[in-house]
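Chemist: Which chain is which? The protein sequence lines are A and B, in order. Numbering follows my numbering, with no gaps: position 40 of the first sequence is 40. Numbering follows my numbering, with no gaps: position 16 of the second sequence is 16.
These are calculated hints, taken from the structure and not from any lab test. Treat the hints with care, since some could be wrong.
[To be verified] Pairwise CB distance ranges (calculated):
| id | chain 1 | residue 1 | chain 2 | residue 2 | range |
| --- | --- | --- | --- | --- | --- |
| 1 | A | Arg177 | B | Val77 | 19 to 29 Å |
| 2 | B | Leu67 | A | Arg27 | 27 to 37 Å |
| 3 | A | Asp134 | B | Leu69 | 18 to 28 Å |
| 4 | A | Asp134 | B | Phe83 | 32 to 42 Å |
| 5 | A | Leu100 | B | Lys18 | 13 to 23 Å |
Beta carbons: idealized from backbone N, C-alpha and C, even for Gly.
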Amino acid sequence: MIVSSHPMLHPVFETLGYTCGYAWYRRARLRSGDLLGDEQRWTVIAAAAIGALLGSRILGLLEQTPSLKMTWQSIFLPGGKTIVGGLLGGWLAVEMVKRLRRIQSRTGDLFVIPLCIGIAVGRIGCFLAGLADDTYGTPTKLPWGVDFGDGIARHPTQLYELLFLGLLALVLNHYNRRTHPEGATFRLFLAAYLAWRLAVDFIKPQPLVHGMNLIQWSCVAGLVALTPSLFQLLFAKDQLVRSFE
Amino acid sequence: MSMEPPPSTSNEPIRLAKLATIFAVIFGIAFGLCTTSVLTGGVGLQGVGLQKVLPFLLGAFLVIEALCLLGLLVVGVWAIVRFLSNKSQN
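Bound conformation, chain B alone (with noise of 0.2 Å):
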């Protein structure tokens, strides 16, 4: 007598859920460091010199933003269609 292998959960779902959070908390950081670059000024590089990179950085943590809802969106636009694939098929 052969056994049935037990139904293979797909891990897709957590895969995406983990992709989900992991954009949205470094958003959170992102955003949280292009407010205090932009309060501080640039006061906490003067010690090292690097007052200068104040506008580079500032574009980095945008950029990391704009990746990150970049992400987001994608993310929630697949798990959109995968809910209602599942729901057809059901």
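Bound-form chain A, shown alone (with noise of 0.2 Å):
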């Protein structure tokens, strides 16, 4: 299959998974309520927008570090962001200010399915934008390879990624419907999301650091960082329960 792609695409998707993701987060807030308050959920939401861009093209220029010489300016230039950068980055930011605010209450169930549908639109811009963005597969000799323009089928793994959001999205949102400890649906997104990651990204040719690209780096910290919280979550019995809708 050949796509005619365009980076002009990218940012015009990425915008639409911002709004999507948003018109999401309002719907299910109105529907199911919130445990928090407009002034902290607000905070909470600033937080993770603010730690999220950081993150996103801290890890978006680390990961061209081994090919680019990089100076604090470069933080400013044009270049890549990574969304597992913007989860790490906006996780991290939500937990200090929840910490300087003293929250109590997990925060993330509410912003599970609109991340899934954000991300998802968003993948699409990077799959329009083709060898312009980052994002394509290695080459591959499979029947539904892509050819991005360069002749070379490879594999979409942009395409896989929204299926498996799809996917991600249908459980979880099944999940979060059933009664169900406070802060699950966010942490089994993460290391989901995390994992699944962690294993497409041995499908790109991303610049590797002793076997692994930074992404994949990341994605392991991330996992090793949200250990101790699965463990609770399995284990633990005295958890705050939830139920939405």
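Could you fit the two chains together into a complex? Lean on the hints.
Modeler: Structure representation (structure tokens):
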């Protein structure tokens, strides 16, 4: 399959992804209510947005470190951003703000389906941006390999991710409707997405450091940081329980 | 018997947080547009004869980024001052 691509489609779908994600979040908050008041919720959203911005850019730069000379000004120059960096940066910033503001509740469950939708829409932009976007896969002889214009059929990793996110959203939406420990949906989402990226990035032609690219190493770090929380989810009995919708 | 009015809650923290979110999102979009413009080198603008405006577009995106960054800094300083003054009052 040959795809006619254009890099300009990337920011279009990125903006559409933000819009769809926010619209879904508003709908979910109206329908199922919120553990947090407006002030605390907006503080969490602002922290997530700023943390995601910084995290996505910093990891985007680090990913290119093996092939580029970095200076501190590089962070402002045009270049890549990464979703894994955005998720980890946003998560870290929210945890810091929660400590500062003494917010005890788990705050991420409401963001899970909006994140799945936003990332999936953004990935359509990555796919349509073609070779200019560094998210395509390695060459393949499989019948669904996609030629982005250079005559080489590659794994359409963006479309694989689209399918994965669709499935994940369905499963987590079903889980979210049942009675579940507070914050469990977000922790499961983050663990599933990081594990997915750890696996799928093996078929992306990125610079490797000790056998994996820096996004994969970040996924490993994120999963290690998440492990105590996942164990708590599995084994702790006295958890606050939340039922949406 | 008169009833005390409910304590009025200030909307300022919400406004600050909304402003910070808007600045962060616009910065992200402007950054993406800037990167795309550099990548395409104006390819998308050839058809409409606007390739010469590419440097101006890039400049405009960079100005938007700078304004958003400035906005984020102002909001951040404002929030910190507010947080510290609330803390000292308590």
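Chemist: Take the hints in turn and mark each one as holding or not.
Modeler: Structure-based check of all given hints:
1. Checking the proposed 19 to 29 Å range against arginine 177/A and valine 77/B shows it is violated: the Cβ atoms sit about 42 Å from each other.
2. The given range of 27 to 37 Å is respected by leucine 67/B and arginine 27/A, whose C-beta atoms sit roughly 31 Å from each other.
3. A hinted range of 18 to 28 Å holds for the C-beta pair aspartate 134/A and leucine 69/B, which are about 25 Å apart.
4. For aspartate 134/A and phenylalanine 83/B, the hinted distance range of 32 to 42 Å is satisfied, since their beta carbons lie about 39 Å from each other.
5. Look at leucine 100/A against lysine 18/B: about 18 Å separates their beta carbons, and that is inside 13 to 23 Å.
In summary, the structure is inconsistent with hint 1 from the numbered list given earlier, while agreeing with all the others.
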